[in-house]
Amino acid sequence: EPEVTQTPSHQVTQMGQEVILRCVPISNHLYFYWYRQILGQKVEFLVSFYNNEISEKSEIFDDQFSVERPDGSNFTLKIRSTKLEDSAMYFCASIESLDEQFFGPGTRLTVL
Amino acid sequence: AQSVSQHNHHVILSEAASLELGCNYSYGGTVNLFWYVQYPGQHLQLLLKYFSGDPLVKGIKGFEAEFIKSKFSFNLRKPSVQWSDTAEYFCAVNAHARTSYDKVIFGPGTSLSVIP
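Residue numbers (this note's numbering), protein chains in the order written: chain A, 57 to 168; chain B, 13 to 128.
Just so you know, not all the hints are guaranteed correct.
[Said to hold, decoys possible] Subject to a maximum C-alpha distance of 25 angstroms in a straight line, what follows is the list of computed SDA-like cross-link-like pairs (lysine to any residue):
id: 1; chain 1: B; residue 1: K61; chain 2: A; residue 2: S83
id: 2; chain 1: A; residue 1: K98; chain 2: B; residue 2: N87
id: 3; chain 1: B; residue 1: K61; chain 2: B; residue 2: L31
id: 4; chain 1: A; residue 1: K98; chain 2: B; residue 2: W95
id: 5; chain 1: B; residue 1: K61; chain 2: A; residue 2: L86
These are calculated hints, taken from the structure and not from any lab test.
Excised from the complex, chain A in its bound form (with noise of 0.2 angstroms):
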């Protein structure tokens, strides 16, 4: 069955550093999302990826966070400057068409 992939599982990394979160879709799916999950808090939101584009974004996703498909089968998350609070587990979805969300494994993320 196919499935979301993420990489790496977990990281680590200093504050103020920059990090790329990457998924892998399921191959013929259109739409893409970011949602992460800070420690015993409930899964949030992040932003959503359609055609090159996002298609909607949540107040935590500023500046410092970007997202980007740079070839046709990757979806990366990238925050520019990592802070403390950045800590959470990051997840990874797409969609096909009116489906539920196939979500990733995902990946911690744990600044220091």
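The hints should help you fit chain B onto chain A, whose structure is shown.
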């Protein structure tokens, strides 16, 4: 704005007890409804979903949920829980629109602990 609330933050049950987790949502239009489960250290897994049709939805692992439109509710049930059901359960909703693929709004989650 859409929002999702879940009735219980933490539920503790003994094995074989029945489970009902409450979920209410706030949205004026037609919605898709979901229950996700997150086992310790694992990623989100879809338990069941409601898009349209029969409001009683059956999912994996013996779970079911009932959509009551008049109450804006989508409660999750299981007649007899097992220790392996210990996990975090998230109710979620997105707008049911044929021209957009809206974000999923998650509830705060209910932590279920099943005691052997």
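- Query: Taking only the CA atoms, is the gap from B/K61 to B/L31 under or equal to 25 angstroms?
  - Reply: Roughly 18 angstroms separates the two Cα atoms, so the pair holds.
- Task: Starting from B/K61, check that the Cα of A/S83 is at most 25 angstroms away, please.
- Result: The given pair, whose Cα atoms are some 22 angstroms apart, holds under the 25 angstroms limit.
- Message: For B/K61 and A/L86, compute the direct alpha-carbon distance and say whether it is at most 25 angstroms.
- Response: Holds: B/K61 and A/L86 sit about 21 angstroms apart, inside 25 angstroms.
- Given the proposed pairing of A/K98 with B/N87, does the C-alpha separation stay at or below 25 angstroms? 18 angstroms, holds
- Does A/K98 pair with B/W95 here, judged by a C-alpha cut-off of 25 angstroms? Answer holds: A/K98 to B/W95 is near 23 angstroms, not above 25 angstroms.
Of the hints listed earlier, there is not a single one the structure fails to meet.
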